[in-house]
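Just so you know, the sequences run in chain order H and Z.
Residue numbering for the first sequence follows my numbering, starting at 1 and increasing by one per position.
Residue numbering for the second sequence follows my numbering, starting at 1 and increasing by one per position.
Read the hints as simulated data drawn from the structure, not as lab findings.
Just so you know, not all the hints are guaranteed correct.
Calculated cross-link-like contacts (lysine-lysine; reagent style BS3-like; alpha-carbon spacing at most 27 Å) [claimed, not checked]:
{"hint": "1", "chain 1": "H", "residue 1": "K27", "chain 2": "H", "residue 2": "K52"}
{"hint": "2", "chain 1": "H", "residue 1": "K27", "chain 2": "Z", "residue 2": "K15"}
{"hint": "3", "chain 1": "H", "residue 1": "K250", "chain 2": "H", "residue 2": "K52"}
{"hint": "4", "chain 1": "H", "residue 1": "K250", "chain 2": "H", "residue 2": "K27"}
{"hint": "5", "chain 1": "H", "residue 1": "K43", "chain 2": "H", "residue 2": "K27"}
{"hint": "6", "chain 1": "Z", "residue 1": "K15", "chain 2": "H", "residue 2": "K43"}
{"hint": "7", "chain 1": "H", "residue 1": "K43", "chain 2": "H", "residue 2": "K250"}
{"hint": "8", "chain 1": "Z", "residue 1": "K134", "chain 2": "H", "residue 2": "K52"}
In silico negatives: residues of chain Z with every beta carbon more than 10 Å from chain H [claimed, not checked]:
{"hint": "9", "residue": "V77"}
{"hint": "10", "residue": "D125"}
{"hint": "11", "residue": "F135"}
{"hint": "12", "residue": "Q209"}
{"hint": "13", "residue": "N213"}
{"hint": "14", "residue": "L219"}
Distance ranges between label pairs, derived from CB positions [what the hints assert, rightly or not]:
{"hint": "15", "chain 1": "Z", "residue 1": "S11", "chain 2": "H", "residue 2": "V130", "range": "34 to 44 Å"}
{"hint": "16", "chain 1": "Z", "residue 1": "N6", "chain 2": "H", "residue 2": "N232", "range": "34 to 44 Å"}
{"hint": "17", "chain 1": "Z", "residue 1": "L25", "chain 2": "H", "residue 2": "D207", "range": "47 to 57 Å"}
{"hint": "18", "chain 1": "Z", "residue 1": "L37", "chain 2": "H", "residue 2": "G260", "range": "42 to 52 Å"}
{"hint": "19", "chain 1": "Z", "residue 1": "S11", "chain 2": "H", "residue 2": "G260", "range": "23 to 33 Å"}
{"hint": "20", "chain 1": "Z", "residue 1": "N6", "chain 2": "H", "residue 2": "Q240", "range": "30 to 40 Å"}
{"hint": "21", "chain 1": "H", "residue 1": "D236", "chain 2": "Z", "residue 2": "V203", "range": "17 to 27 Å"}
{"hint": "22", "chain 1": "Z", "residue 1": "S11", "chain 2": "H", "residue 2": "D207", "range": "33 to 43 Å"}
{"hint": "23", "chain 1": "H", "residue 1": "N93", "chain 2": "Z", "residue 2": "I56", "range": "41 to 51 Å"}
Ideal Cβ positions, reconstructed from N, Cα and C, are used throughout, including at glycine.
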Amino acid sequence: MKKIFLLINVLLLGLLSACASDDDTLKIGVNFYPMPEIVDLIKDDLLTQGIKIEQVQMDYNVLNTPLYNGEIDGNMIQHQYFMEFFNQANDSNLVIAQPIYHSKFALYSSVYDSLEDIPNGTTIYVPEDVVNLPRALILLDALELISLSAGVDVFATLDDIESNPRNLVFEPRSLGTTSSAYHSDGSKLAIMYPTYARDTNNQLMDDSQVLAYEELNDLTRTYAISFVTRANNLNDPRIQTFIEYLTSQKVRTWIEENYGWAATPAF
Amino acid sequence: MIVLLNAATQSQLIKAAGETLNLLLMSALISLPIGTLIGMVLALYEKKVFKQSRWIVRLLSIVVSIIRSIPFVLLMVIIIPFSFNIFGTSIGFIPSLIALSFIGIATVARLVEQAIIDINPTLYDLAHSMGASKFQLFKDFIFIEARSSLILAFTSALVSLLAYSSVVYIIGGGGLGYTAIQIGYYSPVGQTLMWVSTLIMIVIVQLVQLIGNVLANYLNKKKRGF
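Sequences and hints are given; from them, build the entire structure.
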């Protein structure tokens, strides 16, 4: 058995050295639409500056580990709070290098036409995770459907709801399942990202079911999806050039035209 | 359907199919021999062909079951630090291959064990009465008797590996799972990509199953009468 394991190790090491790539390349971790598209958009321009870009495509939940380990140079998958969770858990030094866009966030309903129409005791589907649930509560607070205890914002939980005059019944769901839960309950009330909002079959790309959008202010701007690097390579000239192209008019126009239904550029 | 896709998407799909086949082939090369060995050990000790140290076999059996019971997505994530410490990489092909090999070895071991256990027990007495050595018992009796079911077991394991390989995109392994789920399903404009990727997976499974069935049929002692 030992010999076999040794053999495998040798085989794998061989493979590893075979696929080790050169160090001149800037490796950028991406995951969800539209980040791969944005990187593709500026890839050729950066090549004229002598910077080769390689996309590393994997799940956003595990993309901070290779960044922390120094295997990639930056990633475009998260906002400040997600990054801070990772920093705390791993005692790491990831930093926001450049906000890219603000995801829209909205209260959906295909039954009620205005906030006043929402009857007493309506069930509302909200995100369940510790980052997006507070954001949903902040939105409801801003719309004056509930009020949160003074001083709590980005760490709010359902227990921090001080008053709930409409007696909304909260049903936390994961981002990916909120939409179907909302539809199977008569499409009454839900808080979703347009990216995750689906009609029964298709992506909901218009605001036909949107009751209210989150307003951009100092607090909600902190949820910008950003380009993140390590503190020690933030000043790398290649990273700075990358940021320069990332925040170009070309990218802004592309985001507005192709992803404007779900986000606004943050630069 | 393929013709509906533009050139960029086509090359994306070809690359993804290549990654999937590469992962499938490499993980099969690792897990088929090791898994078969473990499966043989499990089955033959259970059959009391070999009598010594049965507790090792029980331990082995428990380990195989544990690997098979860890949710695969979790297994991949658990492997990340392990992969980084040993191979210096936590993304892409290497950790994907390690994860696939682990689950592949466990799956193959169980399937091979079943195939060997299914052999008619009188075979062992027959071999014994004919004075066969342990190696001859293995080569001329067990192997001949079980080879067709072994091929079917391998086929089944390959299809499982293909299914598992569709989620390694989570740790950067790419493949058809990536085009089908991440840039297919999750993208507002990816419906075609999702279905074409799935179609390619179906074709691969059909081919693997067809080859497995034909080979198993050809090697089936009972049908061919030798």
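Status of each hint after checking the structure:
1. Taking the CA atoms of K27 (chain H) and K52 (chain H), the gap is about 8 Å. The hint holds against a cut of 27 Å.
2. Only pairs whose Cα atoms come within 27 Å are accepted, and K27 (chain H) paired with K15 (chain Z) is accepted, the gap being roughly 19 Å.
3. With a C-alpha separation of about 19 Å, the suggested pair K250 (chain H) and K52 (chain H) falls inside the 27 Å cut-off, and the hint holds.
4. Taking the CA atoms of K250 (chain H) and K27 (chain H), the gap is near 21 Å; set against the 27 Å cutoff, the hint holds.
5. Distance hint between K43 (chain H) and K27 (chain H) is fulfilled; the C-alpha atoms sit about 12 Å from each other, no more than 27 Å.
6. Taking the CA atoms of K15 (chain Z) and K43 (chain H), the gap is near 19 Å; set against the 27 Å cutoff, the hint holds.
7. Taking the CA atoms of K43 (chain H) and K250 (chain H), the gap is near 12 Å; set against the 27 Å cutoff, the hint holds.
8. Between K134 (chain Z) and K52 (chain H), the direct Cα distance comes to roughly 60 Å. Violation of the 27 Å bound is thereby established for this hinted pair.
9. Listed as a non-interface residue, V77 (chain Z) fails to keep its Cβ farther than 10 Å from every Cβ of chain H; the least gap is roughly 6 Å.
10. Distance check on D125 (chain Z): its Cβ is at least 30 Å (rounded) from any Cβ of chain H, clearing the 10 Å threshold; non-interface status holds.
11. Once the 10 Å rule is applied to beta carbons, F135 (chain Z) is consistent with being away from chain H; the minimum gap is 19 Å.
12. With a least CB separation of 27 Å from chain H, Q209 (chain Z) remains clear of the 10 Å interface cut-off, as annotated.
13. At roughly 30 Å from the closest C-beta of chain H, the C-beta of N213 (chain Z) stays outside 10 Å, upholding its exclusion from the interface.
14. Chain H leaves L219 (chain Z) outside its interface by the beta-carbon criterion, the shortest separation being 25 Å against a cut-off of 10 Å.
15. Our hint of 34 to 44 Å for S11 (chain Z) and V130 (chain H) holds, since their Cβ atoms are close to 40 Å apart.
16. About 40 Å separates the C-beta atoms of N6 (chain Z) and N232 (chain H), a value consistent with the hinted range of 34 to 44 Å.
17. Restraint check, L25 (chain Z) to D207 (chain H): a C-beta distance of roughly 48 Å satisfies the suggested window 47 to 57 Å.
18. In this structure the supplied range 42 to 52 Å is violated for L37 (chain Z) paired with G260 (chain H), their Cβ-Cβ distance being about 58 Å.
19. Distance hint for S11 (chain Z) and G260 (chain H): a CB-CB separation of about 28 Å, consistent with the stated range 23 to 33 Å.
20. The supplied range of 30 to 40 Å is met by N6 (chain Z) and Q240 (chain H), whose beta-carbon atoms lie about 34 Å from each other.
21. In this structure the supplied range 17 to 27 Å is violated for D236 (chain H) paired with V203 (chain Z), their Cβ-Cβ distance being about 45 Å.
22. With their beta carbons about 35 Å apart, S11 (chain Z) and D207 (chain H) fall inside the hinted range of 33 to 43 Å.
23. Range check, N93 (chain H) to I56 (chain Z): Cβ separation about 46 Å, and the 41 to 51 Å hint holds.
In this structure, the hints that do not hold are numbers 8, 9, 18, 21, in rising order.
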